[in-house]
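With chain A fixed as given, assemble chains B and C with the ligands onto it according to the hints.
Residue numbers (my numbering), protein chains in the order written: chain A, 9 to 375; chain B, 1079 to 1639; chain C, 259 to 516.
What the hints contain is simulated information worked out from the structure, not anything from laboratory work. Please read all numbers here as calculations on a predicted model, not as lab measurements. All C-beta atoms, glycine included, are put in the ideal place defined by N, C-alpha and C. Accuracy of the hints is not assured; some may be wrong.
Unchecked claim - Mimicking DSBU-like on lysine-lysine, the simulated pairs with C-alpha atoms at most 30 Å apart in a straight line are: (1) C:277 / B:1276; (2) B:1570 / A:68; (3) C:326 / C:396; (4) C:476 / B:1105; (5) B:1431 / A:60; (6) C:476 / B:1276; (7) A:70 / B:1431; (8) B:1499 / A:68.
To be verified - The following residues of chain A were derived to be distant from chain B, with all beta-carbon distances above 10 Å: (9) 149; (10) 165; (11) 194; (12) 211; (13) 223.
Said to hold, decoys possible - Calculated from the model, a selection of chain A residues having no Cβ within reach of chain B, i.e. all distances over 10 Å: (14) 21; (15) 31; (16) 130; (17) 174; (18) 277; (19) 291; (20) 315; (21) 316; (22) 321; (23) 374.
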Amino acid sequence: MDENNLPEGTLQLPPQWSTLAPEVDEMYYFIYWVSVAFTVVIFAAMIYFMWKYRRRPGLKAKPTGHSTALEIGWTFAPLILLVVLFHQGFTGYVRGAVAPEDSIEVRVRGMQWNWEFEHRGGVIDDLNYLRVPVNTPVRLIMSSSDVLHSFFVPAFRVKRDVVPGMYSTLWFEATQETPDIQCESDADCPEGLWCGNTPPGGEARECVLPIFCAEYCGAPRGITASAFDEGGRNTNHSTMMGDLKVITQAEYDEFIELGPPPPASCQGRDDINECWGEQIHQSYCVACHSVDGATQAPAPNWKGLFGNQRQFVDGSSATADENYIRQSILQPQSQIVQGYNNVNMPPFRFSDRQLDAIIAYMRSLNE
Amino acid sequence: MTAEVAPQPHAHAPTGEGYLTHERGLKSWLFTLDHKRIGLMYLGSVLLAFLLGGIMALLVRAELLFPGETLMEADTYNQVFTLHGAIMVFLFIIPSIPAALGNFFLPIMLGTKDVAFPRLNLGSFYIYCLGAIVAIVAIVIGHVDTGWTFYTPYSARADSSVIWMTSGAFILGFSSILTGVNFIATVHKMRAPGLHWKRLPLFIWGMYATSVIQVLATPVLAITLFLLMMEKTLTVGIFDPALGGDPVLFQHFFWFYSHPAVYIMILPGMAIVNEVIATFSHRKIFGYMFVAMSSISLALVGFLVWGHHMFTAGMSEYATMVFSALTFLVAIPSGVKVFNWVATLYQGSISFKSPMLYSLGFIALFTIGGLTGLFLGILSVDIHLHDTYFVVAHFHYVMVGGTVFGFVSGLHYWWPKMTGKMYSEKLARVAFVFVFVGFNVTFFSQFVLGSQGMPRRYYDYLDQFQPLHMTSSGGAFILGFGFLIMLFMFVKSLVSGEKAPPNPWSSAGYEWMTTTPIHPHNFAEPPVMTRGPYDYHLCTEEELFPGFPEDFKPSEKAAKA
Amino acid sequence: MAHADHGPKYLAHHFDTPKQQFESAKLGMWLFLAQEILFFSGLFVAYGVFRTWYPESFSVGSHLLDWKMGALNTVVLLFSSFTAAMAVRAAQIGEQTGVPEKDQHKLGGRKWTSIFLIITFFCAAGFMVVKYLEYSHKIHVGTLPGQFFGHPGFDMASVAGAEFYEEMEKAGALAYESGGHATVPFHLRTFFGIYFVMTGLHGIHVLIGMGLLLWILKRNASGEFSAEYNTPVDIFALYWHLVDLIWIFLFPLLYLID
Ligand code: HEA
Ligand code: HEA
Ligand code: CUA
Ligand SMILES: [Cu+2]
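Just chain A, same shape as in the assembly (with noise of 0.2 Å):
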């Protein structure tokens, strides 16, 4: 991706994205340039009238007079910029509000305070980490499990609210790759792209466009969560930030078939599938489940687990072989693990590539 080929922004507006940008640029330098105009008017009369008509001696206030026509005038003038003001405004809004028919769909679940994205086939993204491809048009289907939230991605002058009880939509096409850059800090990243998230495990970040919250959504209360460290992002209205990368359509077919790739840092290792696979486990389900045969946790612990015997509530068991751990995964509640049933767990969607990341992470254990 040639980096120097990146759309800029102006001195008011981001760079421009996707294809809606444009358009909505262009309105709102119209109407920029209009207010520019009236205020430049408005005040050069007044500043020229508070000069030539200040108080001094031997000027007297003219008695005011009256011009029905001059009133009606700026009645009426106004009224003809104002209605091809709205016009221009309401085509734009309609383009964006009506996706074409060839787009393709994302799920996007806003929750306090996190953005989980799932691509056609239930592929879920890493959290907070939305891939599209370029120049296709993409139609998100949000919901929100708690609160108002709201998606608003700059660059593609895109927003709309997530709101809890019904699916709200919105749509954009993207133009342009976001470039593959490593980052430490926002400085180090073009333009309306910033340092992107963490990666789950570590990883070093790179730069992606960012996805906002814009729907005031609160803090959890009394913790103390300086946002932009490791691990502490997340945790507010104010860090419900996502990346969005963009990238080219053979990527993508790929990323849906395949899942989301394994963390750079596994990339090229042997045991690639155990170091993913603890990635996983520490980012979703350290919480619940510990891994060394010792810690109390609330959930069964991982170590020695695989090739088991397990016992049910129910009074059935099964042995703990592949096809029982993925089942456990995605589906939970099929099976409940005598002593365990206080707790529910919630049922996580992989990609079959993660899935064995797992269950080699698992192995790995025993060992």
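For chains B and C with the ligands alone, coordinates are given in the frame of chain A:
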């Protein structure tokens, strides 16, 4: 104008004592039915609220100097901006001009002794106090972090002190409604002989339009907050989606009040600007009837546009379209006002005393604030700008640059009449420079922040926004310093100000025709209005410059000021 | 300004004439009533929205209300509005001094004002008693708003709780699933949310009206009102008619949906 024509009692030296001193003691204040004293008590209260809200604002700005945690936790920050917004809106800006200055001057400008229902007036004041206390209890005991908009379902699930806060706003609402009822009845029934509608001071027209909105819109806020409280206590399931309610319905209800409420805020500011521009240009406002009617039409059209706060919330395309179209309509009457003010300056005799500076500031800043409102009214542009700092900048331009400037302008303008003391014009101008410059630095940078995509209600932000945030915070401290000078200037005036002449700005307005200090019944003799309040050409030198030291008269030295 | 020769005692010092005072009061009251109407309008809008969304729950809900009680209350309130109007008339006629007993206006004067006000008061109290009966029944069987619906603890999936079950049975609110489980429409709780908020708020207005009645009654008894001055009675009646009017809307909307 001939000699037998009232109003003219100032020609005589004040007989008896003014309203401030004719009765003494705490009780004579707490139980007073005199609209002037009630107005002053309101004035003290709203200034206190402004100080409190201002301190919160400075805390917000201090936190935003740097990204990350600088001063407080995210949770604390959320409470601080919520209280800033809620205090400024419910405790300060809505009662500021109507209940304080309006209460004081509306009956005087109507040439009557009091408002129609003085006891109700005092009642409103105590309801205000009760509401303020309840709101402050919410702050002290609890944890109000919903934003001033109380959006559900967040507010329905948040801390129970939100109930206190909403009860506070609910009670304050009734204070506002009763003031509105009182003013409308007063304007209709209590005008002095000769004061027909076409002579009504534009301040009164503005107050009247404001009152109409107060009476018709505020009850909807009251019922909304009531339902929210019911939601929190009885879980009636009207707004909470978990129980089958609709969170967006709350937004419709809320904005059905709160959009008209922005005209409750701005119309009184405009009303004051009318008076000040006329007085300091020595000229009747150009297009008087158009200006008066624009207030009324703002009040009415204002009821139809609430949906423009919800363009991204998931309304039907049809509804969005209608709301956007109607939003543009409100620009028309606002424009009529701006154009007529500018036209009034033409061929006037303009004096740049501090009240006039603030009013001229109002015109400039309101124009900017209003035009940026149009950005937000354009559907496709609002999608990008909604809930960013652009909106924050927009509403501070209209509320601070507009209403607060108008309020401060009125405060300077009427200060000599209210207190009987002059203030230091020099200090007032110094304060003006700080306030004007500080204000623009604070909020202009926020326009850029917002259009660049900085969302509002953010405790933390991307590094790229830091320079502008820092500029904005710097401006806020300049602004705060300006208000401090002003506070000092007013206190100094109370302590050691010169005695004010009855008509220090040589105005033709009715309120200047009474004595200073004001007679407890406003006018020693009930006045009969024989000319309009802006008919400078009908006024004698005598009338415009009563009791002026010779060198104070404009024909001589005043021109130098 | 001289205070002494200002006018009759009831004329407040800031008014010039009794007429001005009366008109101001009347206008003020009308404005207040406009405010009241907008206050309730929010509830009617919410009602409209939810009724369109959940017509089934609303129709079942109205069967769970006792229309006879509602109708009784409607009659009681209508009658009280009539007596309030009669009280105004009686106050306006006032005491006719110097007119022989038999030529006096019928039902006029201070005594009759009091009598009509008292009847109004008892109607209002009767209304509240009926409301009390209705409310306590609902609290008893558990037809309550939101999370209290069916009393927390009742197993809603199988509609346990004998009285609640019976109540639902009576109203035909139960639907049987294949497994034999009985369920009730989910949004009944919303219906009762709205029912309690609307009638509760209206009830508070009745209570306030009763307070005002006592106060007016006391002032009437002390002879404050006359044919010349009876504004408080008049504007109280305006208020009372509004309270009545709101009920006239509430009754069919809540009790008589189909
Ligand atoms: C005093 C208060 C006040 C006033 C007067 C206004 C005035 C206006 N406001 Fe503003 N507004 C607020 C207070 C106010 N507003 C607040 C508090 C919020 C945010 C609330 C929150 O979310 O917390 C808000 C938010 C807000 C939004 C929602 C933004 C969003 O959240 O996405 C919109 C959208 O349309 C809007 C529009 C307007 C318009 C069109 C006007 C018009 O009335 C302005 C009209 C004036 C002019 C246009 C200037 C003068 C006219 C001319 C010089 C004539 C010629 C001009 C032309 C014809 C082009 N406002
Ligand atoms: C009237 C309304 C009003 C006023 C006057 C102000 C005044 C100010 N506001 Fe605010 N503001 C709001 C209404 C108002 N605001 C609202 C409604 C919100 C939205 C809240 C929400 O999102 O829920 C908001 C939000 C808001 C934000 C956004 C917070 C966020 O989204 O995270 C910011 C940030 O900069 C801010 C800053 C300021 C500043 C610096 C001032 C300064 O102008 C303040 C300067 C004043 C002082 C420093 C006080 C000094 C006073 C004295 C010394 C005594 C005075 C005595 C005499 C003059 C006699 N305000
Ligand atoms: Cu999610 Cu703000
Ligand atoms: Cu608005």
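Now the hints, each set against the structure:
1. C:277 / B:1276: Holds - the C-alpha atoms of residue 1276 (chain B) and residue 277 (chain C) are around 24 Å apart, at most 30 Å.
2. B:1570 / A:68: Roughly 34 Å separates the two Cα atoms, so the pair is violated.
3. C:326 / C:396: holds (15 Å)
4. C:476 / B:1105: Distance ~28 Å between residue 476 (chain C) and residue 1105 (chain B) Cα, so the pair holds.
5. B:1431 / A:60: Holds, because 16 Å separates the two Cα atoms, which is no more than 30 Å.
6. C:476 / B:1276: violated (44 Å)
7. A:70 / B:1431: holds (20 Å)
8. B:1499 / A:68: Roughly 28 Å between the alpha carbons, so the hint for residue 1499 (chain B) and residue 68 (chain A) holds.
9. 149: Given a closest Cβ separation of 13 Å, the condition holds.
10. 165: Answer for residue 165 (chain A): violated, closest chain B Cβ roughly 4 Å.
11. 194: About 4 Å separates residue 194 (chain A) from the closest Cβ of chain B, which leaves it inside 10 Å; violated.
12. 211: Given a closest Cβ separation of 20 Å, the condition holds.
13. 223: The claim breaks: residue 223 (chain A) does not keep its Cβ more than 10 Å from every Cβ of chain B (closest is about 6 Å).
14. 21: violated (6 Å)
15. 31: violated (7 Å)
16. 130: Answer for residue 130 (chain A): holds, closest chain B Cβ roughly 25 Å.
17. 174: Residue 174 (chain A) not clear of chain B: closest Cβ-Cβ about 7 Å, inside 10 Å.
18. 277: Holds: least Cβ distance 33 Å, greater than 10 Å.
19. 291: holds (22 Å)
20. 315: Residue 315 (chain A) is indeed farther than 10 Å from all Cβ atoms of chain B, at 42 Å.
21. 316: holds (40 Å)
22. 321: Holds: least Cβ distance 29 Å, greater than 10 Å.
23. 374: Holds, since 42 Å exceeds 10 Å.
Taken one by one, the earlier hints fail for this structure at numbers 2, 6, 10, 11, 13, 14, 15 and 17, listed in ascending order.
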